[in-house]
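Asks: So you can see what is in the structure, the chains are spelled out below.
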Amino acid sequence: MDTSTQAVVVKSNSVVNRSSKRTVLNNLSAYGFMTPWLLGMLLLTAGSMLFTLYLTFTNYDLLSRPQFIGFANFAQIFKDQNFWTSIRVTFLYVVLSVPARLIASLLVATLVSKQVRGIAVYRALIYLPSLIGGSVGASIGWRELFDQNGPIDSFLKLFGIHGPVWLGSPATSMVVLVLLSVWQFGSEMVIFLAGIKQIPGYLYESATIDGASSFQRYVRITLPMLSPLIFFNLLMGTISSFMVFTQVLVITDGGPMNSTLLYVLYLYQQAFQFFHMGYAAALSIILLILIALCSGFIFLTSRFWVNYDV
Amino acid sequence: MGASRSYLRIGARHILLIVISFVMIYPILWMFFSSFKPESDIFSTSNLWPTRWTLKHYLDGMTGASGVNFGPMFLHSFEISIVVVVGALFSSSLTGFAFARLQFTAKRFLFGFMLATMMLPAQVVLIPQYIVFHKVGLINTFVPLMLPSFLGTTPFFIYLMVQFVRGIPKDLDEAAAIDGCSTFRLFRSIILPLARPAIITISIFAFYWTWNDFFSQLIYLNNPNLFTVPIGLSMFMDNMGQSQWGDLFAMSILSVIPILVVFIVFQRYLVEGIATQGLKN
Numbered sequence: 001m002d003t004s005t006q007a008v009v010v011k012s013n014s015v016v017n018r019s020s021k022r023t024v025l026n027n028l029s030a031y032g033f034m035t036p037w038l039l040g041m042l043l044l045t046a047g048s049m050l051f052t053l054y055l056t057f058t059n060y061d062l063l064s065r066p067q068f069i070g071f072a073n074f075a076q077i078f079k080d081q082n083f084w085t086s087i088r089v090t091f092l093y094v095v096l097s098v099p100a101r102l103i104a105s106l107l108v109a110t111l112v113s114k115q116v117r118g119i120a121v122y123r124a125l126i127y128l129p130s131l132i133g134g135s136v137g138a139s140i141g142w143r144e145l146f147d148q149n150g151p152i153d154s155f156l157k158l159f160g161i162h163g164p165v166w167l168g169s170p171a172t173s174m175v176v177l178v179l180l181s182v183w184q185f186g187s188e189m190v191i192f193l194a195g196i197k198q199i200p201g202y203l204y205e206s207a208t209i210d211g212a213s214s215f216q217r218y219v220r221i222t223l224p225m226l227s228p229l230i231f232f233n234l235l236m237g238t239i240s241s242f243m244v245f246t247q248v249l250v251i252t253d254g255g256p257m258n259s260t261l262l263y264v265l266y267l268y269q270q271a272f273q274f275f276h277m278g279y280a281a282a283l284s285i286i287l288l289i290l291i292a293l294c295s296g297f298i299f300l301t302s303r304f305w306v307n308y309d310v
Numbered sequence: 001m002g003a004s005r006s007y008l009r010i011g012a013r014h015i016l017l018i019v020i021s022f023v024m025i026y027p028i029l030w031m032f033f034s035s036f037k038p039e040s041d042i043f044s045t046s047n048l049w050p051t052r053w054t055l056k057h058y059l060d061g062m063t064g065a066s067g068v069n070f071g072p073m074f075l076h077s078f079e080i081s082i083v084v085v086v087g088a089l090f091s092s093s094l095t096g097f098a099f100a101r102l103q104f105t106a107k108r109f110l111f112g113f114m115l116a117t118m119m120l121p122a123q124v125v126l127i128p129q130y131i132v133f134h135k136v137g138l139i140n141t142f143v144p145l146m147l148p149s150f151l152g153t154t155p156f157f158i159y160l161m162v163q164f165v166r167g168i169p170k171d172l173d174e175a176a177a178i179d180g181c182s183t184f185r186l187f188r189s190i191i192l193p194l195a196r197p198a199i200i201t202i203s204i205f206a207f208y209w210t211w212n213d214f215f216s217q218l219i220y221l222n223n224p225n226l227f228t229v230p231i232g233l234s235m236f237m238d239n240m241g242q243s244q245w246g247d248l249f250a251m252s253i254l255s256v257i258p259i260l261v262v263f264i265v266f267q268r269y270l271v272e273g274i275a276t277q278g279l280k281n
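Protein chains in written order, with the UniProt record's numbering: chain A, 1 to 310; chain B, 1 to 281.
Treat the hints with caution; some may be incorrect.
Stated by the list, open to error - Think about it this way: if two alpha-carbon atoms lie no more than 25 angstroms apart in a straight line, the pair counts; the simulated DMTMM-like pairs of lysine to aspartate or glutamate are:
| hint | chain 1 | residue 1 | chain 2 | residue 2 |
| --- | --- | --- | --- | --- |
| 1 | A | K21 | B | D179 |
| 2 | A | K157 | B | D41 |
| 3 | B | K56 | B | D41 |
Hints were generated in silico from the structure; no laboratory data involved.
Full structure from sequences and hints, please.
Replies: Set out below in structure tokens:
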């Protein structure tokens, strides 16, 4: 029972009947308001989770009846070469893109936190790619940007560099995807920007009086004050990087030679191209566990570097 | 001496900002101007600005001269996105109000559960949902894309609403109760109008997440007559011949315009919404 309801019950001890009637009424009205969400939670979220769990132990192709096969899906997954490739490639993507986005967003947020003329326009322009970056339209543009004779190649030619066949070779295809992710650092930037504005000015003033250089002020004041937000962006960025899909499907479709077979793309192929529903369900459970482990790890380390006393 | 130095510093800052902004929007500009270039000029010249302007790609894309007609796809995308906005507002305002204002058993547990589902990857629930919608014959309808929003399946929206409603003074509730206002009247006539910024933020996010959504539209819609813009674009890219880059760019540009318009109109709310998300966590 909720503590405040408890308080009501204790206070009106003499009229227990009336107050318990009120609790019932309160519950009825509250659950009335929450009916849509409760239905969704039971049917679409909790129900689906249980269904997924059941599916992981089956062989199911949508047409015939699900066959119960115990842990065979998992056994097969751990022997599946493509699964290990997708794990390796996904971790590579996360490890390259998340820190790059964090650093880019931090530096640019610092830059746009200073008041200069037209700063709102600069902020909006820099934020723009984050708005549209996840769309198919932007992914198509990004793909052609790195095409042979595309603008990137033309730009490199100015310096006499003959660009690689970006999307044609396993060594560089991942770079194209990571750069697309970094290009969308805007929402992290906005969060950092809000954080920078919250830092009290007197901290900087007293540090300046003590003779701290601007670099020292940044490292000793700004970064620690922003650490809760760095933590938040790191966590969210990691989770969303594990789930990247649209860009991968549009730009590389996993190729060349599976060098960009990111996890969710592989899951999609298994579920909706080969209709291995049980197998894909098992993949999705493994994804859930991986994300939980990574989030847990970030949470654990956070106590060593996140500063909560303001 | 000092003044000219600070001018120099401001000038340097502007140059840096201009360079960064230009790099950020260059891909968009390139696609935009390419969509007005004749096909032969798109990859043969590194000039951003077209030497000859043409509207052919826009007309072809919208009317279907290239075999794919994007007109109806835009209508489908709008239809789905707008219904999802309504659904998201319906479910998140009711649930958010209950969590922020009402007393009930298991409130803490349910709230914790809701927060936990924010981290749940969509793929974990997508496969069973697909199977169920498949079984009841709703593949190739918009129902699987619209229905979940009415059932509050985006916990982030509920969270946003809870945070906002908590900030509305509680005295209002008491005054309303003394005046004999029912709980629903309190929600409908007092809290909801005051929650306008939250409502706008939720609408914007719901609109552009749905507009940009690719995964669920891809799996639920296989009938070309029902295609939405993202699927249309990806299919067009897979099937097109050598000479249709212009059409593809033109339609890609059109596909991001609704997002830009919403952004420009509601920019202030959007940035605030994101900032709250980051700060209150």
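Asks: Which numbered hints are broken by the structure, listed smallest first?
Replies: Violated: none.
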